[in-house]
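Just so you know, the sequences run in chain order A and B. Sequential numbering of the first sequence, starting at 216, is according to the working numbering. Sequential numbering of the second sequence, starting at 216, is according to the working numbering.
Honestly, I wouldn't trust all of these hints.
Which copy is meant is left open, because identical chains are indistinguishable; a pair holds if it fits in one copy or across any two.
To be verified - Listed below are the simulated DSS-like cross-link pairs for lysine-lysine, each with C-alpha atoms no more than 25 Å apart in a straight line:
#: 1; residue 1: Lys422; residue 2: Lys447
#: 2; residue 1: Lys427; residue 2: Lys610
#: 3; residue 1: Lys613; residue 2: Lys599
#: 4; residue 1: Lys658; residue 2: Lys570
#: 5; residue 1: Lys297; residue 2: Lys610
#: 6; residue 1: Lys640; residue 2: Lys610
#: 7; residue 1: Lys419; residue 2: Lys224
#: 8; residue 1: Lys297; residue 2: Lys281
#: 9; residue 1: Lys543; residue 2: Lys224
#: 10; residue 1: Lys599; residue 2: Lys640
#: 11; residue 1: Lys422; residue 2: Lys613
#: 12; residue 1: Lys296; residue 2: Lys281
#: 13; residue 1: Lys427; residue 2: Lys296
#: 14; residue 1: Lys387; residue 2: Lys563
#: 15; residue 1: Lys281; residue 2: Lys427
#: 16; residue 1: Lys542; residue 2: Lys620
#: 17; residue 1: Lys613; residue 2: Lys570
#: 18; residue 1: Lys221; residue 2: Lys542
#: 19; residue 1: Lys221; residue 2: Lys297
#: 20; residue 1: Lys658; residue 2: Lys599
#: 21; residue 1: Lys221; residue 2: Lys387
#: 22; residue 1: Lys422; residue 2: Lys297
#: 23; residue 1: Lys296; residue 2: Lys224
#: 24; residue 1: Lys543; residue 2: Lys612
#: 25; residue 1: Lys570; residue 2: Lys640
Hints were generated in silico from the structure; no laboratory data involved.
Protein chains: 2
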Amino acid sequence: MSEKKKIYKPSPISGFPEWTPDVRLVEQQWLDHIRAVFESYGYCNIETPAIEALEVIAAKGEDVDKEIYVLERLQADEDDKKEARLALHFDQTVPLARYVAQHFNDLIFPFKRYQMQKVWRGERPQAGRFREFYQCDIDVINVDNLPLHFDAEMPAIIWQILSSLPGMEDEKIQIRISNRKILLGWLEHLGVENQIDVIRIVDKVEKLDSNKILHLLEETGITRDTAEEILKVGQTKVTRKEDVLKIAPQMQGTGSLMQEGIEELAFVMDQLSHLPEGAVVADLSIVRGLDYYTGTVYETVFVDDPGYGSICSGGRYDDLASNYINKKLPGVGISIGFSRLFARILQKQQLPTGKHSPADIMVVMPNEEQRGVATETANILRGKGLNVELAHGGKLKKQLATAEKKGIPYIWFPPFEDGLPHEVKDMSSGEQTEADPAQWTPKKES
Amino acid sequence: MSEKKKIYKPSPISGFPEWTPDVRLVEQQWLDHIRAVFESYGYCNIETPAIEALEVIAAKGEDVDKEIYVLERLQADEDDKKEARLALHFDQTVPLARYVAQHFNDLIFPFKRYQMQKVWRGERPQAGRFREFYQCDIDVINVDNLPLHFDAEMPAIIWQILSSLPGMEDEKIQIRISNRKILLGWLEHLGVENQIDVIRIVDKVEKLDSNKILHLLEETGITRDTAEEILKVGQTKVTRKEDVLKIAPQMQGTGSLMQEGIEELAFVMDQLSHLPEGAVVADLSIVRGLDYYTGTVYETVFVDDPGYGSICSGGRYDDLASNYINKKLPGVGISIGFSRLFARILQKQQLPTGKHSPADIMVVMPNEEQRGVATETANILRGKGLNVELAHGGKLKKQLATAEKKGIPYIWFPPFEDGLPHEVKDMSSGEQTEADPAQWTPKKES
């Protein structure tokens with residue numbers, strides 16, 4: 216090019232992932248799969264604006280506050296100051312609470328909703344940390360009280376999703392379930408005062424060795440004996456309802472908080488007994504958010520790589536939206552950290568490769584005179600629900616090369632002249648056969 | 216509730232629409248429909264981050280700059296200043312240009328992509344103006360040159376989408392096509408110097424009466440005769456290729472810019488002759504963006520309400536990404552203003568009402584003892600690809616009322632006790648029949 220023009224060479228911004236079309240195609244498959252399973256359980260979708268009033272989302276005073284992105288118009292003026300300050304949402308739970316409060320009279324309870332949107336967090340630039348990422352959340356909210364069987368529906372849904380993600384069928388996952396009442400009740404029974412510190416230590420039972428855990432527990436001011444009892448509870452992992460009920464048998468029948476937690480956990484495990492062995496495990500080291508959850512809690516790990524961290528977490532809460540409405544709204548929910556989950560398949564390089572197009576068929580033509588019949592053929596095939604790309608033109612050889620590069624599985628040859636048959640070529644077998652566009656269907660993938 | 220708690224009553228923020236689940240269900244259907252048609256033509260999807268470097272998107276110095284939302288972390292510190300300033304994208308074209316430049320070596324050309332994301336513009340709060348809205352874009356980009364038949368593919372795709380939107384089948388739409396070379400060539404031929412002002416006036420031919428247009432044209436300094444010739448061209452509306460070729464016959468065969476535009480427009484109209492009468496019209500008052508488009512231009516209106524404005528616009532450009540890469544990348548694209556389009560069905564109150572759930576069936580149970588068989592039944596039905604909600608529990612009457620409120624079309628009654636049959640009730644007919652969950656299928660909607 217002869218003219219001289221200033222070129223700004225763009226480069227990726229840390230934390231904002233972006234995929235080439237072949238990778239995006241798989242990401243779409245995953246999102247479609249998740250949506251289909253959510254809907255198969257009758258959950259409705261909502262979408263909230265990416266932007267909320269800062270006052271709504273920053274009400275918590277928690278750590279996340281410093282990661283909130285606030286917005287300002289590039290050329291802000293006096294009028295802007297009269298409006299509420301706006302910010303990007305950092306999760307879908309706060310917006311859900313605001314949504315339920317705002318639309319309370321228009322919702323049908325139990326309100327079963329799923330939500331799959333991007334959220335933003337202004338974290339430090341760091342490899343593997345996303346600042347824009349997808350969450351796929353599912354929650355059930357009810358007024359005043361919510362039946363416990365919903366606590367079992369969450370892991371059933373998640374298991375179905377994660378055990379059949381395209382390209383990840385070989386990856387073993389496990390959902391770990393606990394009930395916060397058990398540990399809290401136990402600490403109460405033991406007379407432990409510094410419960411929050413102790414809970415934080417129990418959260419590390421999987422990561423640190425036992426002596427280290429005992430040492431940390433003693434540092435909080437409790438005796439070695441008590442520390443050992445706590446460690447024993449924290450190390451409990453069982454899969455059958457009967458074994459859940461055997462946790463701390465000396466507590467049975469006391470009507471205590473711990474007993475309540477054990478019975479709830481046993482009920483949830485019982486409801487999930489139809490899942491394959493190892494799919495779910497009752498694991499009392501699971502603690503999750505300190506203030507928010509009040510009963511069942513979930514984490515989900517890759518069995519062969521628990522250090523990757525939880526890819527799907529959640530739990531039961533007593534009170535979703537009391538910041539925004541004077542109603543008691545208990546709920547249970549779980550959130551798939553979609554972008555971290557998707558990063559896994561990229562990390563393992565298991566991505567089904569090569570498809571740069573959703574097309575099933577490319578219709579080609581030896582020269583532009585055939586464009587009319589080629590267009591007609593493409594439209595017939597589309598009418599049958601197939602995705603059909605019409606070749607851009609140019610030499611036939613180049614058209615075929617483009618189809619192959621894009622990974623399009625069939626090439627369609629309309630007749631060169633009237634009276635000749637159509638032909639279609641299966642790119643995987645190389646076989647080329649006569650075909651009628653009105654009748655033809657692709658082979659089912661095995 | 217006895218405790219006293221500060222409640223922040225949330226209210227909608229102007230320009231950030233949010234729907235209840237019944238409306239969102241229709242919005243999803245529309246988005247799914249659009250995606251399906253885009254893919255049926257073999258276009259691949261890309262998604263770019265909502266956030267770009269401000270330097271990338273604000274490079275233009277155009278009016279839109281003042282509407283850009285820039286971001287800042289709530290608790291920004293010195294480190295933040297070392298990073299690029301970030302902003303929300305205001306369209307999908309600038310991000311596409313940046314994307315194509317950045318991933319140039321990994322893309323397959325002609326690059327046919329669709330993109331359906333939200334964009335943000337910090338407009339003044341005003342009824343009917345969105346500050347967060349969906350755009351559904353489709354573009355084809357090639358290196359050095361791009362065949363003209365793609366200019367005809369755009370309206371064919373858009374026609375298929377807009378003529379079969381669920382709930383909008385009765386709304387007549389029309390795609391209006393012109394070619395900027397015609398008017399520019401004509402003005403050149405007439406020796407008009409103040410072309411930009413004249414083009415802005417021609418853009419109003421549909422809205423103002425002829426005398427007003429002539430008056431405005433004369434005000435730019437041209438003679439009454441020239442004004443009348445320009446008006447005549449601007450008022451040209453024809454539907455057949457032959458009539459396009461008759462525009463300004465005195466210009467035929469001159470090889471001029473105008474002649475080129477007429478031939479291109481005639482070719483595009485000819486390629487679209489299979490569409491129903493009135494679907495597309497060659498309308499020389501269509502002008503669009505002054506600097507960007509170089510050939511074919513499109514607008515789309517509701518025939519019964521052209522004042523609603525264009526719901527889908529675009530055109531051909533010579534040079535997508537020369538700000539970011541030293542390549543000539545011509546393209547043609549069109550963008551559905553999805554949120555404005557969707558606002559139409561809400562405005563007309565044509566929304567298919569009542570469905571608050573994607574469920575085909577609700578499985579109910581007279582009491583909790585049936586939960587086991589009800590769960591099993593639900594899983595069998597889901598295994599057949601149906602969406603099934605399991606009732607929350609409580610009194611049967613309340614379960615049925617919930618199903619009805621949600622608009623779920625079938626109620627499933629598992630057997631009360633072993634040996635009895637399953638039954639299913641069609642809520643539209645009221646008919647209740649025995650059924651086997653492994654065999655049953657819902658009636659096809661007519």
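Checked hints:
no., hint, result
1, Lys422 - Lys447, "within (15 Å within a copy, 80 Å between copies)"
2, Lys427 - Lys610, "neither (70 Å within a copy, 52 Å between copies)"
3, Lys613 - Lys599, "neither (27 Å within a copy, 43 Å between copies)"
4, Lys658 - Lys570, "within (17 Å within a copy, 36 Å between copies)"
5, Lys297 - Lys610, "neither (62 Å within a copy, 50 Å between copies)"
6, Lys640 - Lys610, "within (18 Å within a copy, 59 Å between copies)"
7, Lys419 - Lys224, "neither (45 Å within a copy, 39 Å between copies)"
8, Lys297 - Lys281, "both (24 Å within a copy, 17 Å between copies)"
9, Lys543 - Lys224, "between (54 Å within a copy, 15 Å between copies)"
10, Lys599 - Lys640, "within (18 Å within a copy, 32 Å between copies)"
11, Lys422 - Lys613, "neither (56 Å within a copy, 47 Å between copies)"
12, Lys296 - Lys281, "both (22 Å within a copy, 15 Å between copies)"
13, Lys427 - Lys296, "neither (53 Å within a copy, 41 Å between copies)"
14, Lys387 - Lys563, "within (14 Å within a copy, 51 Å between copies)"
15, Lys281 - Lys427, "neither (32 Å within a copy, 57 Å between copies)"
16, Lys542 - Lys620, "between (58 Å within a copy, 22 Å between copies)"
17, Lys613 - Lys570, "within (18 Å within a copy, 49 Å between copies)"
18, Lys221 - Lys542, "between (59 Å within a copy, 13 Å between copies)"
19, Lys221 - Lys297, "between (39 Å within a copy, 23 Å between copies)"
20, Lys658 - Lys599, "both (14 Å within a copy, 21 Å between copies)"
21, Lys221 - Lys387, "neither (51 Å within a copy, 46 Å between copies)"
22, Lys422 - Lys297, "neither (50 Å within a copy, 36 Å between copies)"
23, Lys296 - Lys224, "between (35 Å within a copy, 21 Å between copies)"
24, Lys543 - Lys612, "between (68 Å within a copy, 24 Å between copies)"
25, Lys570 - Lys640, "within (17 Å within a copy, 44 Å between copies)"
Hint check: violations occur at hints 2, 3, 5, 7, 11, 13, 15, 21, 22; the rest are consistent with the structure.
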